[in-house]
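Undergrad: The hints should help you fit chains B and C onto chain A, whose structure is shown.
Those protein sequences? They're chains A, B and C, same order as listed.
Going letter by letter, the first sequence gives residues 247 to 568 in my numbering.
Going letter by letter, the second sequence gives residues 3 to 293 in my numbering.
Going letter by letter, the third sequence gives residues 471 to 1025 in my numbering.
Since the hints were made in silico from the structure, they are not lab data.
Each hint can be trusted.
Computed footprint of chain B on chain C, listed as stretches where at least three residues anywhere in the stretch have a Cβ under 8 Å from a Cβ of chain B:
| id | segment |
| --- | --- |
| 1 | 545-558 |
| 2 | 586-596 |
Interface residues of chain A toward chain B, partial, derived using beta-carbon atoms under 8 Å:
| id | residue |
| --- | --- |
| 3 | PHE274 |
| 4 | MET363 |
| 5 | LEU386 |
| 6 | GLY454 |
| 7 | SER548 |
For every residue, glycine included, the Cβ atom is placed at its ideal position computed from N, Cα and C.
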Amino acid sequence: MKNGWYTFYYMKEKSVHHIPAKNFAKDFRRQLPLQSMVLPGIVFMIIFSYIPIYGLTIAFKNYTVVDTFSSAQWVGLHNFEIVVKDRYFWQSIVNTLGISFLKLIIGFPAPIIFAIMIYELSEGTFKRAIQTISYLPHFLSWIVLGGMLIKWLSTTGFINQALLRLGFIDKPVNYLLNGKAYWWIAALSDVWKEAGWGTVLYLATMAGIDPTYYEAAKIDGAGRMRQIFSITLPLMRNIISLNFILTVSGLLHSNLDQAMVLMNSQNQAQSEVIDSYVYRMGLTQGDFSYATAVGLGVSIVSVIILYAANKITNRINEESVF
Amino acid sequence: MTKKIKENKTFSYINYSLIILFTLAIIIPLLNIVSSSFAGSKALAEENFIFFPSEWSLDNYRAVLNDTSMWSAFCVSVLKTVLGVITHVFFCSMVAYGLSKRYLLGRKVYTILGIITLFFSGGMIPTYLLMKDLHLLNNFWVYIIPQLFSYYDVIILMNFFRQLPDSLEEAAIIDGAGAWRILLTIIMPLSKPALATIALFNGVFQWNDFMTAKLYITTKRTLYPLQMKLYEIIVQQQAATMNNIGNFVVQTTSKGIQLATIVVTTVPILVIYPLLQKHFVSGMMLGSVKE
Amino acid sequence: MRPQAHRLYILFTGGYMKKGMKLAEGLALCLLTAAVFTGCGKGKSGNTKAGTLEKARYTLNPETPAWKLDPEKDAKLTWYVNAEWWNTGWGEDVVTKKVKEDLNLDVVFLTGDDTKLNTFFAGGDIPDIITTFNASSPMAQKAPSWAYSLQDLADAYDPYFYKVASKETLDWFKLSDGKTYGYPDYSNTQKDYDSNMIYARTAFVIRKDVWTALGKPQMKTQQEFLAVLNKIKAAYPDMIPLGFNALGGGTGSLAEPLQDFLGVPLVTKDGSFYNRNLDPDYLSWIKTFNTAYKNGCISDDSFTDDGNAFQEKLSIGKYACVLVDGTPQMSGFFTTFANSEPDAVYTAIDGPQSTTGNKPKLGQAGISGWMITYISKKCRDPAKAIQAFTYLLSDEGQILCNYGIEGQTYTINAEGKYVLTPEMKKLQSQDNDRFKKEIRIGEFIPFGHDRYKVLSNDAFPDSIKQMQEWGKGKLYPHFILENTDPDAGTPEARANSAIATNWATTLVGLIRAKDDAQFTSITNEYSSFLTANDWDAIVKIRNGKIAENKKKLGI
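Next up, chain A with everything else stripped away, as it sits in the complex (with noise of 0.2 Å):
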């Protein structure tokens, strides 16, 4: 009992402040039991993530369909300096950044809210009913849903259909081709898509709520809204801020299938997204190489936001939720 991995536990009693660096081997043998069950995970990571990474190297290339990694030449930082240059490839980032913004306001609140609801519900047939339908948007694939997102958007479709008899409009219009809507329909019917099975993770953190807490809420006279706002927000709070961290950091993320199938000529400066973009300019004239650059300076960026969110949140929290 006095040597393994929960000796730690009881040294919560004693005040200790700090370990003098010569035990980390012991420490570490102590912990084996725990480290034995991480160490699995982290070979894995070397394995099958960190061996690629070399690919990143095709951004400082000029590699074409022919290349092997040795054959093709080395360019240095022309690529990105190609990119940087790039009218265009700015346009994409605000519209990326834009769309992303739109989403993560309207499109984070979103699965929280609606989880909630759902959790307030009692249960019984309608609830399981409810989180069914709510999840099944996000096996549509863009390719499909683009699809009919085109038909619905057309001066023909039921969006047009159901706003004349309402009366909301006397000319059907067709929205796709008006660039200024695009940011909201790219956002919007992305948040339709995803907001039900988002709702799925934050549901299984409520499960995990002890009711006690509601019970005792209910003896001290707190109504509904009140014990959301203090027990189940709150207990929400670590996931919440993950999910917050993750979503803030993929700002420059974009969603390469709906901008494909929802980008045409006319609304073409709002839809050009970062993914698309490169895949113009680069994938299908084969060129890894712009790609792949694209790619690494968007996830250096990403991981600088990240750790920015991470401080903040930290702030708010009392932990890291890593």
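TA: Chains B and C alone, transformed into the frame defined by chain A:
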């Protein structure tokens, strides 16, 4: 007291009505998609119906389900999903448990290593070459082994494990249990919601995934999962319009087929989810430990 | 969190913090360096084999195709096709079964896209035969490094190849070392254009019932065009008067096909590059389309519809008139409509004509063809590969691929035309999927050519026969403009891509312009966009390539 009851009732009414509104917003377009998959090609082109096309037809489904190799692909899909999910959940839980202890040596290093994998990837080409070197090409295990670990899932499980009170573990330690015993007999049973979530995410991924097959199964086509076969059908539908061979080939609306494909793949998930749902019910912890 | 645990946390991460961070940085650096070095080592088992050809295992004979002479009974080859829709079966259907028997060859097909193709190159196992779709890609240009030249192979293994391959095509595909590496399908030479054996694939069509009801009016001049569209709009409120191919991010049938109808010149009088998009005749017709749009004769939906939506509209006859590009590809949908409303079949008529007296210059596949097939230097059996080329290019092979086996799938009727047997016809119309899988005629096309389609009246569906008749005599080779885009990966190529996108936006904007002022301003914006994006450099490159083409064509 009556004020509280009234407040609760109002809350319920508002909650129910809002939910019904949101659900309608989801379900109406969905029903449109489902009825479109059953529509005859003429009705599909008319595009004026919302739920009831003038012409019902099973042609799309016939095109999708006619292929007999579809059933072996179905078996491959089921096998890879079940096996993949079980191994993935165990592997991630194991790693997450270790990482959930804040006194684990090297945790910061592990965390940074993990975060980097979330953002940086070498890309498809080096990954393909790696799979080749690992002899995972044209091999069923390419569906399982690369899916064993996901850092995102580990973080979720980690946070969940941390929420469990220490007193449970302490009680077990006093009884002489080792780390593995604690993980398997205490931690995991109490984390059913989180495990179910991870299982669902990974299960859906395994079921829907066709990229793995597309990239790594080149010659042994018996290893194609259901989604890959359906993808092939859709893509080959477009082949006819690609070539100058309009002569000998008859077109079915490929959109109708795509929709039928979606319905066919989603139905099994609809069947499985209710079984998992009971794990999302709260109150798991009740009675386990008295604080 | 409880204070003790909190202290614990600070303790163990604080105590080792400095060490931890250094450790983390150190580890990361090590991993990255290791990764980079692994990358440098990768692919050393590169893609350059010796590339020397062994002596043939049989005696060569220029009068006999080598596949008849080769004693090898058990050849195996991998064949990569850079398209996901390729049917990968071999030996199970009528066509490939016969090829397998005759050549004693077993083929394993691989499919994929550019990324997949690169994994083969990067990993060092390049497939034996490779088919791609781009004659001017870096891959095609670098062919000498990874493929055998067809001349070398023919000289070493199959001199009969020269008899079945078209000389003009071989010359067209010659690279700077004077050798040809890839061979295309559907490569049409001047001879083919002159022979009237290839058909037009664009048309301006109108529903027969509408046309007859209006008194078979002309739609050749701009005034007539607008007048007829207006009449259609008044008389048939449920139809969309004018439609065109789905744009799909490009220009559909509104740019090049329309320019071809109008006979807009391909090059200037002294043979240099001409921007057809700014041709005054063409722009005046776009102005007409703009008026039609303002009159409500063109629907906004046509600009956002995807390919599926366009095909659906064709099959129900939603459009009264259509400017169609790719009639064979749309033939199935025309047939569906024709079957449901036989009086309303889409009929080709003389649509927009040049206001300056130019004759139509309809385009078709050029010399560059479509699918280009190479034999790689890693080919296990280059002799068998070139024999396969010869076999499939020969009349015998092509008739097999297009019609199958005489007596089994087709017969020759009294007029010498090839006709499918009644069973085949039944299978084709009732169970098309099985027809595609088990018979596969008309589908195995890496070496196909349209000249074999004229052997049969069934090669094209009835629904487009009249459109093809209409196109007779109106074809004009566009060879001189083939492969004139700037090389991929250059700044000019990127600028060109941006210009193409801008043109697509411009064109739709012109048709939807609210008034003349907007029309002019959009046109001017396009012109300034050209200047701002290296247009002069692009034109120079194009002129250079046009000159090269002229040399190859012997003009």
